[in-house]
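FYI, our numbering numbers position 14 of the sequence shown as 14, with every residue one higher than the one before it.
Quick caveat, the hints were computed from the structure, so don't treat them as lab data. Take the hints with a grain of salt, since some may be wrong.
With a cut-off of at most 20 Å between alpha-carbon atoms, the simulated SDA-like pairs for lysine to any residue come out as follows [claimed, not checked]:
hint, residue 1, residue 2
1, K68, L43
2, K68, N30
3, K68, W3
4, K10, Y72
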Amino acid sequence: MIWNIIDSRKRKYRWREVNAVIEDIRNDHNVADTDDFEGENGLAPVYDERRGISLHDAIRWAEEEQGKVTLYIYDTGDGI
1 MIWNIIDSRK
11 RKYRWREVNA
21 VIEDIRNDHN
31 VADTDDFEGE
41 NGLAPVYDER
51 RGISLHDAIR
61 WAEEEQGKVT
71 LYIYDTGDGI
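All chains should be built: construct the whole structure from the sequences, respecting the hints.
The structure is reproduced here in structure tokens:
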């Protein structure tokens with residue numbers, strides 16, 4: 001399930017096709033001013049990606065994860 005979203009798109013109104021990455025939220029701990037997650041998150045993927053997915057499907061895909069994840073969104077051709 002999504003606990004954080006990082007939207008790195010330059011073209012903010014493009015929704016038909018984006019690149020998406022999900023990571024365990026504990027990977028965010030090295031970022032300044034982050035909320036630290038303390039607890040079990042064994043079902044979260046370390047890393048997974050989808051290229052050329054709609055924004056809607058990217059959100060649905062990340063939300064269906066059993067573990068707590070950060071969803072990163074990029075323009076098609078960027079980020080991965």
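Here is what the structure says about each hint:
no.: 1; hint: K68 / L43; result: holds, 8 Å
no.: 2; hint: K68 / N30; result: holds, 17 Å
no.: 3; hint: K68 / W3; result: holds, 6 Å
no.: 4; hint: K10 / Y72; result: holds, 13 Å
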